[in-house]
Amino acid sequence: MGLLRALGRSVINLFAVTGRIGVFTGNGVFHCFSPPFFPRLVGQQMVEIGFYSLPVVGLTAIFTGMVLALQSFSGFGFAGEATIANVVVWGITRELGPVLAGLMVAGRIGAAMAAEIGTMRVTEQIDALTTLSTNPYKYLVAPRLIAAVAMMPLLVLVADIIGVMGGFIVSIYDFGFNPMTYLRSTWDNLEFIGFFSGIVKAAVFGFIIALMGTYHGYNSKGGSQGVGQATTNAVVSASILLLLFNFIITAIFFAA
Amino acid sequence: MTTTPPPAKIETRDLHKAFGGKQVLRGVNLTIQPGESLAVIGASGTGKSVLIKNIIGLMHPDSGSVLIDGQDVTALTGRDREQVTRKFGMLFQGAALFDSLPVWENVAFGLIQVQRMARQDAREKAIEAMIQVGLEPDIAERSPAELSGGMQKRVGLARAIATKPEIMFFDEPTTGLDPIMGSVIDNLIIKSVRELGATALSITHDMASARRIADNIAMIYDGIIVWHGPVDAIDDSGSDVVDQFINGRSHGPIDMLVAS
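Just so you know, the protein sequences line up as chains A and B, in that order. Our numbering puts the first residue of the first sequence at 1, with every later residue one more than the last. Our numbering puts the first residue of the second sequence at 1, with every later residue one more than the last.
No lab work stands behind these hints, which were simulated from the structure alone. Just so you know, even glycine gets a beta-carbon here, dropped at the ideal spot from N, CA and C. Watch out, some of these pointers could steer you wrong.
Restraint ranges, calculated between C-beta atoms of paired labels, are given here [stated by the list, open to error]:
(1) Lys221(A) / Asn247(B): 28 to 38 Å
(2) Gly19(A) / Gly248(B): 40 to 50 Å
(3) Gly248(B) / Ala150(A): 52 to 62 Å
(4) Ala251(A) / Asp62(B): 43 to 53 Å
(5) Leu3(A) / Gly27(B): 35 to 45 Å
(6) Phe192(A) / Gly78(B): 40 to 50 Å
(7) Val236(A) / Pro230(B): 24 to 34 Å
(8) Phe30(A) / Gln120(B): 31 to 41 Å
Below, simulated DSSO-like cross-link-like pairs (lysine-lysine); rule was C-alpha separation at most 30 Å, straight line [said to hold, decoys possible]:
(9) Lys87(B) / Lys53(B)
(10) Lys221(A) / Lys53(B)
(11) Lys164(B) / Lys125(B)
(12) Lys191(B) / Lys125(B)
(13) Lys87(B) / Lys164(B)
(14) Lys87(B) / Lys221(A)
(15) Lys22(B) / Lys221(A)
(16) Lys125(B) / Lys53(B)
(17) Lys191(B) / Lys53(B)
Based on the sequences and whatever the hints tell you, model everything.
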């Protein structure tokens, strides 16, 4: 009986949370498209998400590209430039570029959003917005959603380029491959659908990260402990949803 | 020619609000006339904040209604709600300044975002409001986090009055301030409310402050208004609850639920 009750309660909780997130998402998206808009805030968030995430995303990408080249070299033996270039460019553009950039940005930006908005919640700044006739969804949520959806594809584009470059560096300087041949193989193996699926993933991941960051921040309660909890929840839920949607999008693109 | 009396500026009718089975408001009836300054007093956790949040629209009552200028605003949402909110100015307990913005942009917030004033003009208006509450214009570029508690309260007050609201709300205006700064803030509140000709609703547990800023006092206890009258009459209220509260006695009808 106790087990059944616990099971029932968690199922009800799951539906309740899903419903709340659904309503929050609806509100957030609605206010992205209804005036007044806050271009200044969108710009600030774009710089925060796009520009200041570059070092983290770049470092992640270059090491991932390098390690991909190392692994495929040791795995396939000396299979030639073409195979290694192929593995690197496929792996980076289809999966590792968007997923690793997404996870890094979830840690950096999702956490920052949850902490900032959560602090605004517990210090009544969100209530203050309302008393100043400013809708918090418009002022806080919409700019972050817009900026994240716009900037994540650009970050992933950069990650793709730097990741491929990481593989290139290892292949040229460690394995002594011919740079021109390697680059030509890379170019030949780069297919539009793989690259494009990665960019679509990036936009979706951006939405998930901003949504989870703002949702958990907006609904945080109970002082500094609540804000800490919100930050953790934002990063964990964004990461899990990101991996789930990575699977779904991959299935939509390639499983047919 | 007959003149109908103007409607009350703020009226609550039989407000009820519960949180998870705990009944906080059990039928609050309050009427505040235009230009009146009312202080709602009561012990911590008796529903003062919940009452003010229901009136402003930050919370919605389970039953009962809130009327502003005779208009029932209880169920308003979206744009209609924002139209009503424009009449409001609020000073929060912790000032609730936006720490991402410099002081002047905090003060000018309503002018820029709501009244769509050009930033340069809004800045001038903001400086005017800052001077009104005794702030030096040279702190305009500072971040709110760099200011002391008393200064933050002043910035919060300047932000609240900058849009020239018809109704001012004050949430524990003196809490966390030393008695002298508390008195300074009270005097600024009186001055700015008078200059605006605004109606004021304050919630406080600081009796000295309530006596200074209010024309009338209402005491909330156990979710209802137990006494409501002019500030001069509070010492002869004839209510044990009021007597215990204003004299700060630990024994009496109010059981503070201290672990015993």
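Results of checking the hints against the structure:
Between lysine 221(A) and asparagine 247(B), the C-beta spacing of about 35 Å keeps the proposed range 28 to 38 Å intact. Our hint of 40 to 50 Å for glycine 19(A) and glycine 248(B) holds, since their Cβ atoms are close to 46 Å apart. About 57 Å separates the C-beta atoms of glycine 248(B) and alanine 150(A), a value consistent with the hinted range of 52 to 62 Å. Between alanine 251(A) and aspartate 62(B), the C-beta spacing of about 46 Å keeps the proposed range 43 to 53 Å intact.
In this structure the hint that leucine 3(A) and glycine 27(B) lie 35 to 45 Å apart at CB holds, the actual value being about 43 Å. Checking the proposed 40 to 50 Å range against phenylalanine 192(A) and glycine 78(B) shows it holds: the Cβ atoms sit about 44 Å from each other. Evaluation of the 24 to 34 Å hint for valine 236(A) and proline 230(B) yields a failure: the beta carbon distance comes to about 56 Å. The hinted range of 31 to 41 Å is satisfied by phenylalanine 30(A) and glutamine 120(B), whose Cβ atoms lie roughly 32 Å apart.
Simply put, lysine 87(B) and lysine 53(B) have alpha-carbon atoms about 15 Å apart, close enough for the 30 Å limit, and the pair holds. Under the criterion of a C-alpha separation no larger than 30 Å, the hint pairing lysine 221(A) with lysine 53(B) is consistent with the structure, at around 16 Å. Among the hinted pairs, lysine 164(B) with lysine 125(B) is consistent with the structure: their alpha-carbon atoms are about 11 Å apart, no more than 30 Å. Between lysine 191(B) and lysine 125(B) the alpha-carbon distance is near 18 Å, which keeps this suggested pair within the 30 Å criterion.
About 8 Å separates the Cα atoms of lysine 87(B) and lysine 164(B), which keeps this hinted pair within 30 Å; it holds. The suggested pairing of lysine 87(B) with lysine 221(A) holds, with an alpha-carbon distance near 28 Å, which does not exceed 30 Å. A hinted pair counts as satisfied when its Cα atoms are at most 30 Å apart, and lysine 22(B) with lysine 221(A) qualifies at roughly 18 Å. About 28 Å separates the Cα atoms of lysine 125(B) and lysine 53(B), which keeps this hinted pair within 30 Å; it holds.
For the hint linking lysine 191(B) to lysine 53(B), the alpha-carbon distance of about 24 Å falls within 30 Å, and the restraint holds.
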